[in-house]
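Trainee: For reference, the chains in residue letters:
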Amino acid sequence: MSHLLEVNHLQTHFKTPDGILRAVNGVSFTVDAGETLAIVGESGSGKSVTSMSILGLVSDPGKVVGGEILFEGKNLLRLTKKEYRNMRGKAISVIFQEPMTSLNPIFTVGFQISEVLRTHYKLNRKAAKQRAIEMLDTVGIANAEKVYARYPHQLSGGMRQRVMIAIALVCQPKLLIADEPTTALDVTIQAQILELIQKLAKEQNTGVILITHDLGVVAEMADKVAVMYGGEIVEHASVEQIFHRPSHPYTQGLLASLPKIHEDEQRLYSLPGTVPNLLESSEGCTFAPRCKFASEACLQSKPRLALQGEQHWVSCLKAEEVRG
Amino acid sequence: MGQYLVRMLLQVVPVMFLISIIVFVLVHVTGDPVNLMLPETATEEDREILRAALGLDQPLYQQYFVYIKNVLQGDFGNSFHYGEPALPLVLERLPATFELAAVAMLIGIVIAVPCGMISAVKRNTVLDVIISFLSVIGKAMPNFWMGIMLILLFSVSLGLFPVSGRGGVEHIVLPAFTIGIGLAAQMTRLIRSNMLEILSQDYIRTARSKGLREVLVVGRHAFRNGLIPVVTIMSLQFTSLIGGTLVTETVFAWPGLGQLLVTSVNMRDMAVVQAAVFIIALVVIVCNMLTDVVYRYLDPRIKYN
Chain A
1 MSHLLEVNHL QTHFKTPDGI LRAVNGVSFT VDAGETLAIV GESGSGKSVT
51 SMSILGLVSD PGKVVGGEIL FEGKNLLRLT KKEYRNMRGK AISVIFQEPM
101 TSLNPIFTVG FQISEVLRTH YKLNRKAAKQ RAIEMLDTVG IANAEKVYAR
151 YPHQLSGGMR QRVMIAIALV CQPKLLIADE PTTALDVTIQ AQILELIQKL
201 AKEQNTGVIL ITHDLGVVAE MADKVAVMYG GEIVEHASVE QIFHRPSHPY
251 TQGLLASLPK IHEDEQRLYS LPGTVPNLLE SSEGCTFAPR CKFASEACLQ
301 SKPRLALQGE QHWVSCLKAE EVRG
Chain B
1 MGQYLVRMLL QVVPVMFLIS IIVFVLVHVT GDPVNLMLPE TATEEDREIL
51 RAALGLDQPL YQQYFVYIKN VLQGDFGNSF HYGEPALPLV LERLPATFEL
101 AAVAMLIGIV IAVPCGMISA VKRNTVLDVI ISFLSVIGKA MPNFWMGIML
151 ILLFSVSLGL FPVSGRGGVE HIVLPAFTIG IGLAAQMTRL IRSNMLEILS
201 QDYIRTARSK GLREVLVVGR HAFRNGLIPV VTIMSLQFTS LIGGTLVTET
251 VFAWPGLGQL LVTSVNMRDM AVVQAAVFII ALVVIVCNML TDVVYRYLDP
301 RIKYN
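These protein sequence lines map, in sequence, to chains A and B.
For the first sequence, the positions run 1 to 324 when UniProt numbering is used.
For the second sequence, the positions run 1 to 305 when UniProt numbering is used.
Source of the hints: derived by calculation from the structure; they are not laboratory data.
The C-beta atom is built at its ideal place from N, Cα and C for all residues, glycine as well.
Please note that a few of the clues may not be correct.
As the list claims (entries may be wrong) - The calculated lysine to aspartate or glutamate pairs, modelled on DMTMM-like cross-linking and capped at a C-alpha distance of 25 Å, are:
{"#": "1", "chain 1": "B", "residue 1": "Lys122", "chain 2": "A", "residue 2": "Asp60"}
{"#": "2", "chain 1": "A", "residue 1": "Lys15", "chain 2": "B", "residue 2": "Glu197"}
{"#": "3", "chain 1": "A", "residue 1": "Lys146", "chain 2": "B", "residue 2": "Asp299"}
{"#": "4", "chain 1": "A", "residue 1": "Lys81", "chain 2": "B", "residue 2": "Asp299"}
{"#": "5", "chain 1": "A", "residue 1": "Lys15", "chain 2": "B", "residue 2": "Asp128"}
{"#": "6", "chain 1": "A", "residue 1": "Lys302", "chain 2": "A", "residue 2": "Glu42"}
As the list claims (entries may be wrong) - To spell it out: a stretch of chain B is covered by chain A in this simulated footprint if at least three of its residues, at any positions, have a beta carbon under 8 Å from a beta carbon of chain A; those stretches are:
{"#": "7", "stretch": "197–211"}
{"#": "8", "stretch": "217–225"}
Assemble the whole structure, with the sequences as input and the hints as a guide.
Mentor: Right under this line is the structure:
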């Protein structure tokens, strides 16, 4: 069976005055209908650029320079601008991190939802309004009819993110990209928003790419996890395997940095060093300079993603040693 | 909205009152009109008689009270120079000034809005460089020089437009372009930088992610947001045009307010100066109020209270 989304060796580079920045460097993964893939990593690991690449919205000076993005078997990179545009918001849609700034301040919430419907389905004003109000209701906004006429600044952060979800899901997309959808929200609201995304995705059998650096969110939502580091996927496995048998030292580091409620630790663990400079292409493993397992070999040859157990891919020369 | 307008109108009264005091004092401390009105051979006695006749021998505050009492009845006094009531003299000039300012503004907008938008959307392309280059030149050319050059080219050499004066449509073309080109240059740069900022906003990314055509992303989602600061500049420019198109008015012998104001200041024609400043102040206040109303229309985040 072919996957809903199949990304193969995606490369997105940015031309900068200092050289070429390899923000996404040969990333591959798949997402099936109704499945949630979490892409995890630090800031600057290439998570968001990956999602923007799928949407075809990488902005200058960035460019997808290699690989393929197969959506229902069709390579998106070969689409014309118009074909791509017709996919966005309809077959593939996105929820961004910042509900405060992601809605246009000068248009009503209702207008911004019905705009999608009118763009893709050529609905008339009245029908679009009807559908938009239903959608506001679906995302759990009380008084949907009233909120339809409100401006974004009149709503709370949580409400705005619900509106963003309404915009993203109103055309019942097959793939939803949620780019840190709860990072900017209060903790109490976070859980509600995640539940909402999960519920609607299940109902519509939508494939979800969840981009996050919050492993708590991952445990809650994901079926599969791809851990990104320095523009590459370093470990890719089911959520159980990632949490129970992390096989890449970076994944282990991420898990070790989580605060644990039962242990009486004074200090949180933190990974030494910083994210790699993506302008320099290194010979060896990008994580080696921060890795406590690193040997001479790690600095000299680049590891490739290799199967370490059932559907468990790790790109580490010492995966077995790491897993222990 | 209605309540807002009433409140604004209530603010106008004290502002106008203050302005009347400031102008009155300034005009009276800058010189004695009697010296200019009488021939050099006049004796000190003659001067005293004229001063008394004009009420200028009274203490300043008493003169002010007489003045403000008359103003409230619409009487700004008589022009020393023209020997006519000052207010009609000023009001007579107002349409010419308005006409010039409005047409110049329109030319500015019609050039600047598309140029600024194209420049921003196609930033760092040849088109952007050309537009930026032209707007630097447009901004750098002083009005008096531009006016003379336009006259030389279009009136003297090509004979397309009259050299000076006010009359039909053909009369306004050159003076309006003289001012309009400078305005366009300035606004183009402003619109460009505003649009660039707006185009990098998150909601523009959202609009693109919805599958909107780029024309709509720029024309609908970016343009109206980019317009807000432009309205500010346009309003400021317009109000300064009302009192300040003197250079252009002089070059083209355009019978506007600026010309009248400056000659009246030179002649210590107090009544006319006071009436002119009063009217200009009123126009500025009304323009600012209208700007406020436009803001509210453009940006729902601004409330009426």
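Trainee: State for each hint whether it applies.
Mentor: Hints, verified against the model:
With a C-alpha separation of about 12 Å, the suggested pairing of Lys122/B with Asp60/A holds against the 25 Å cut-off. With a C-alpha separation of about 21 Å, the suggested pairing of Lys15/A with Glu197/B holds against the 25 Å cut-off. A hinted pair counts as satisfied when its Cα atoms are at most 25 Å apart, and Lys146/A with Asp299/B qualifies at roughly 20 Å. A threshold of 25 Å between alpha carbons decides the hint, and for Lys81/A with Asp299/B the separation of about 32 Å lies outside it, so the pair is violated.
Distance hint between Lys15/A and Asp128/B is fulfilled; the C-alpha atoms sit about 21 Å from each other, no more than 25 Å. Between Lys302/A and Glu42/A the alpha-carbon distance is near 20 Å, which keeps this suggested pair within the 25 Å criterion. Beta-carbon proximity to chain A at under 8 Å applies to 10 residues in the stretch 197–211 of chain B; the threshold of 3 is reached and the given coverage holds. Closer than 8 Å: that is the beta-carbon criterion, and the stretch 217–225 of chain B has 3 residues meeting it against chain A, so the requirement of 3 holds.
The earlier numbered hint that this structure contradicts is number 4, and it is the only one.
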